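Please put together the full structure from these sequences, using the hints given.
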Amino acid sequence: MFAEAIHSTADCGNQLLLLFGLRQARRPASPLHPMGGGREINFYSLLVALLLFFVGGAFSVYEGVHRLVAREPLQYAYVALVVLGVSVVLEAFSLWGAMKEIRKVHPEKSLWRWFRETRESELLVVAGEDIAALAGLGMAFVAVLLTLVTGNPVYDALGSIAVGLLLMVIAGLVAREVKSMIVGESASPEVRRAIEAHLRARGEIRSIINMITLQWGRHVVVAVQAEMIDYASGRAMVDAINVIEADLQAAFPQVRWVFFEPDVPRV
11 MFAEAIHSTA DCGNQLLLLF GLRQARRPAS PLHPMGGGRE INFYSLLVAL LLFFVGGAFS
71 VYEGVHRLVA REPLQYAYVA LVVLGVSVVL EAFSLWGAMK EIRKVHPEKS LWRWFRETRE
131 SELLVVAGED IAALAGLGMA FVAVLLTLVT GNPVYDALGS IAVGLLLMVI AGLVAREVKS
191 MIVGESASPE VRRAIEAHLR ARGEIRSIIN MITLQWGRHV VVAVQAEMID YASGRAMVDA
251 INVIEADLQA AFPQVRWVFF EPDVPRV
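So our numbering is basically just the index in the sequence shown, starting at one, shifted up by 10.
To be clear, the hints were calculated from the coordinates, so they are not data collected in a lab. Computed from a predicted model, the values in this text were never measured in an experiment. There's no promise every hint is true.
Said to hold, decoys possible - No farther apart than 20 Å at their CA atoms in a straight line, the calculated lysine to aspartate or glutamate pairs in the EDC-like style are these:
id	residue 1	residue 2
1	K114	E200
2	K110	E132
3	K189	D257
4	K119	E50
5	K114	E127
6	K110	E127
7	K189	E50
8	K119	D140
9	K110	D140
As the list claims (entries may be wrong) - Taking CB as the label site, the calculated pair distances span:
id	residue 1	residue 2	range
10	K114	Y241	41 to 47 Å
11	R36	G95	37 to 43 Å
12	L156	M45	26 to 32 Å
Note that beta-carbon positions come from the ideal geometry of N, C-alpha and C, so glycine has one too.
Pasting the structure below:
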């Protein structure tokens with residue numbers, strides 16, 4: 011029960027951190043940050059994962075080991091069961107909201123595939139926290155119930171350790187994914203393929219030599235090297251490239267920046 015109290019307290023702080031990170035991510039471009047603060051949410055998402063690991067997970071394990079050694083009797087077990095039961099319902103509602111948001115954006119993906127491929131660090135953290143919280147509450151409920159039935163406080167201590175280990179595992183998985191976003195990930199495979207297909211279908215482009223995409227918060231950066239068809243003048247080619255860039259951003263609203271370089275294939 012105490013482990014879940016720690017976890018819930020950490021969750022409140024984590025949500026405030028995410029809200030602050032989302033606010034920072036909306037900062038406009040500046041001379042120091044010419045692409046704005048879009049990727050700042052990834053930093054705050056990593057902080058949340060670290061807090062979940064150390065404050066929620068490691069401290070719960072410590073508390074469980076302490077109770078295992080001290081063998082302190084569990085007090086107010088019925089109150090704990092009621093609180094945990096209500097918490098399960100509330101947390102299930104929160105997880106349902108997160109899953110609904112995920113399905114709205116990625117209806118065809120499994121949860122694990124979405125977890126590995128998503129570029130939305132804040133939604134990743136929220137979903138990870140909700141899953142950990144619901145599973146942790148279930149473990150805590152079973153541990154308290156076993157302690158109440160048997161009168162043995164060891165079950166409560168083992169429940170605290172199990173909750174802590176669960177939080178540490180999920181926090182580690184979330185931190186690994188967020189770290190990859192901080193280093194710099196491409197746009198999702200589906201978006202990248204769609205952008206490339208859009209460009210290859212353009213009559214002004216003879217061939218795509220190279221294309222790089224970079225996820226920048228909720229936006230995408232696209233850099234393209236392409237062989238253009240023959241134009242009567244450089245001005246005509248520049249006008250054609252401007253049209254290509256504008257049409258690309260109209261077709262893919264998440265594409266915030268396009269860097270287009272006309273080139274010829276290397277022999």
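| request: Against the structure, test the hints numbered earlier, and report the numbers of the ones violated in rising order. | output: Failing hints, ascending: 3, 4 and 12.
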